[in-house]
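Undergrad: One letter stands for each residue in the lines below.
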Amino acid sequence: MTRSSPFSVRGRRALMVMRDEREIAIVRRQLNRLGMTISEHDPSQPPPEEIVDVAVIDADAIPIKSDLACAWRSGAPIIALIGTETPSRLKWLLDLQPASFLIKPLRSAGLYTALVVAFDSAQRRIDEAAYVERLEDRIRSRRVVFAAVLQIMRGHGLAEADAFTLIRQTAMRHRTTIEQLSADIIAVGGMPNRTTRTA
Amino acid sequence: MMAGEMRKSALMAVDEINESDEFDFVFAPHLRDPGGVVAGYHAACADLIREEQVDHIVGCYTSASRKQVIPIVERTDRLLWHPARYEGFESSDNVIYVGAAPNQHVVPLVRHMLDHISGDVFCIGSNYIWTWEMNRVIREIVTSAGGRILAERLLELGETAVDHIVKEVIDRRPPAVLNTLVGESSYAFMRALHAAAMRAGLSIPMLSCSLCEPELKLIGSAASVGCVTSSAYFESIEGAENSAFVARWKARHGGDSDPCVDGLSTYVCVMLLARAIRRAGSAEVGAVRRAAANHRYDSPQGPIWVDPDNNHCFLTPRLARSVPGCRFKIFWEADAPERPDPYLSNLDLTAIGTGAQKSNDVMTKRLNHLRVVK
Numbered sequence: 010m011t012r013s014s015p016f017s018v019r020g021r022r023a024l025m026v027m028r029d030e031r032e033i034a035i036v037r038r039q040l041n042r043l044g045m046t047i048s049e050h051d052p053s054q055p056p057p058e059e060i061v062d063v064a065v066i067d068a069d070a071i072p073i074k075s076d077l078a079c080a081w082r083s084g085a086p087i088i089a090l091i092g093t094e095t096p097s098r099l100k101w102l103l104d105l106q107p108a109s110f111l112i113k114p115l116r117s118a119g120l121y122t123a124l125v126v127a128f129d130s131a132q133r134r135i136d137e138a139a140y141v142e143r144l145e146d147r148i149r150s151r152r153v154v155f156a157a158v159l160q161i162m163r164g165h166g167l168a169e170a171d172a173f174t175l176i177r178q179t180a181m182r183h184r185t186t187i188e189q190l191s192a193d194i195i196a197v198g199g200m201p202n203r204t205t206r207t208a
Numbered sequence: 011m012m013a014g015e016m017r018k019s020a021l022m023a024v025d026e027i028n029e030s031d032e033f034d035f036v037f038a039p040h041l042r043d044p045g046g047v048v049a050g051y052h053a054a055c056a057d058l059i060r061e062e063q064v065d066h067i068v069g070c071y072t073s074a075s076r077k078q079v080i081p082i083v084e085r086t087d088r089l090l091w092h093p094a095r096y097e098g099f100e101s102s103d104n105v106i107y108v109g110a111a112p113n114q115h116v117v118p119l120v121r122h123m124l125d126h127i128s129g130d131v132f133c134i135g136s137n138y139i140w141t142w143e144m145n146r147v148i149r150e151i152v153t154s155a156g157g158r159i160l161a162e163r164l165l166e167l168g169e170t171a172v173d174h175i176v177k178e179v180i181d182r183r184p185p186a187v188l189n190t191l192v193g194e195s196s197y198a199f200m201r202a203l204h205a206a207a208m209r210a211g212l213s214i215p216m217l218s219c220s221l222c223e224p225e226l227k228l229i230g231s232a233a234s235v236g237c238v239t240s241s242a243y244f245e246s247i248e249g250a251e252n253s254a255f256v257a258r259w260k261a262r263h264g265g266d267s268d269p270c271v272d273g274l275s276t277y278v279c280v281m282l283l284a285r286a287i288r289r290a291g292s293a294e295v296g297a298v299r300r301a302a303a304n305h306r307y308d309s310p311q312g313p314i315w316v317d318p319d320n321n322h323c324f325l326t327p328r329l330a331r332s333v334p335g336c337r338f339k340i341f342w343e344a345d346a347p348e349r350p351d352p353y354l355s356n357l358d359l360t361a362i363g364t365g366a367q368k369s370n371d372v373m374t375k376r377l378n379h380l381r382v383v384k
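If you read the protein sequences in the order shown, they are chains A and B.
Mapping to the working numbering: the first sequence position 79 is 88, numbers consecutive.
Mapping to the working numbering: the second sequence position 333 is 343, numbers consecutive.
In case anyone wonders, no lab produced these hints; they're calculated from the structure.
Ideal Cβ positions, reconstructed from N, Cα and C, are used throughout, including at glycine.
For the chain A half of the interface with chain B, some residues (derived, Cβ under 8 Å), not all of them:
1. Arg42
2. Leu43
3. Gly44
4. Ser117
5. Ala118
Starting from the given sequences, assemble the full structure and let the hints guide the process.
TA: As C-alpha cells, then:
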C-alpha cells in the first residue's frame, strides 16, 4: 500500500460544505494555492455520492436537530468550521467526529495545518482499524489454536507448552501463521506432512 | 547588520521617489526600530498604525518578527511589505512578500548540488525555523533523488563556538556542506572551516541560500571564497537597471559600500508600493493591493511583479559562486521570472535529480566514495 504524506496536499480533492460567500472565497483561494481540486455542496442536502479526500464543513450551517451529522461521519475526514461554541453545538460536533477544525472568522493561515492534521488523523484511523481487525482475527482463531494444541498433545503425547512450541516452530518453518497451521491440523487430524516450503 | 542595510535601502528609495517627477506624491517615512526584540514588533506596528495613521509598513527580517506583525495588519487591514526571503507556508492577504519563496531559493540550490556536486550532503544551520524548514525541504529532495543527509547539526542563534562541528566536517570529509547558519555563527563557521580545510589540504564545497556581499567582507576575503549561493539578487547582475542602481548606491553610501539582496529587496518593496499607489490613484490598502497585482517593475534584480494568487512575487532565481574580492560570480539564472510557490505545492520531486542523466551523475560521484572491500 502506498501511503501519501499528510504534508503533500496537491491533487487531493476537497468538498466545501459551506454557506457564507466570504468564507467560501477564503477557503477556495487557499485550496487553489495548495493545488487541490474543489467541489461545493449545499449544507442543507445529505452528503453527496462523490468521493473526496476531505470535507470542509461549516458546522453552523447544519441544524443541530437533524440526522445529517451522522450521515457525514462515515465519509472523508472532516474539517469543521466553528463559530458557535455553545455546548449544544459542540456536542453535535463531537458526534460528527471532525479530524480537525478551524475557528471563524477564517483567514488564510490555518487551513494548511487543518488539512495536514485531517489527512494524518484519517491515515491513523485507517491504520488503527486495520490493526484492530488483525487482533480480532487472532481472537476469533484462538478457539482453533486451542483445539490444535489439544490435538497435538494427544497425538504426540506432549505437554501443552511443548505442543504449542511445536506448532509455533512448524508454522515458522512453513512460513505460515500459527492460526493457519492450526486450521490445517484440525482439518487433517494431525500435523500436516508438508515437506515443501513456501517462500 | 541586516536591519541597517534594509533601512538605508528603504530611505534611498523614498528619496528617489520624492525627488522624481514620475510620482505626484511624496512618502513621509516613519521609522521604528524594535532592534530584533521579537516582542517589540507588535507594539511598534500598533504605534505606527494607531498614532501615525500609517497604511503601509515596509520591514521585518525574521519570520518571528513577521508573525508578530501579521495579526495587527490583518485586524486593521494594513499592508506589510516584507523584503526578506523566508521559508514559505504563509499567504496573508495583508502581506506582500517581496523576498524569494522556497521554490525560488532553496530548490534551485539543491537541484544544482544534486546535478553537479553530490547526492550526499552535510547540513549545518542555526537552531530556528529557517533551518528546520530548509532541512526538511533539502532532506525531501535529496532522499527522493537517492542521496543522503550525512548529518544535521544545529547551533543556537549567535553561537560562535563551532570547533566541534568543524572537526566533524574535516574528519568525515563530506562531498558537500549546506550552510543555513545565520549571522555571526555563519561567519565563525566559514572562517574556522576554511582554516581547518587549508591545514588538512581539503577542499569541501559549501552551499548557502542566504550569503550576501556585505557578509563576505565580514567573513574575510580568503574564507568567504567558493561558496555556491542562491539569491534573487547579486551586486554583479549585468544590465542597465542594476549598473545604475549600484552607481547610485555607491554615490550615496560610499565606494566601499555594497548593496545586498535584503537591502535591494527593501528598495524594491518601496518602489513596488509607489508604483501601485500611482496606478491606484490612492494609498488605500485594497486599491493598492489590486494595483500591485501583475504590475511589472523592471528592478535592479530584473523584472518583478506581484502574483495576486498568493501575494508573493515573480522573480528570477540565480546561483553564484563567491570569488576573491568579496564578490559573487553568477553562473546560472532562470530563463524568466519564476512563479512563487510558497507552499511548494508544485514541487515535482520526480523531476529533480532522478532523471536518467542526473541520477547517473549522482551515482557516478557516489562511486568515487565507495571502496571494494574483500
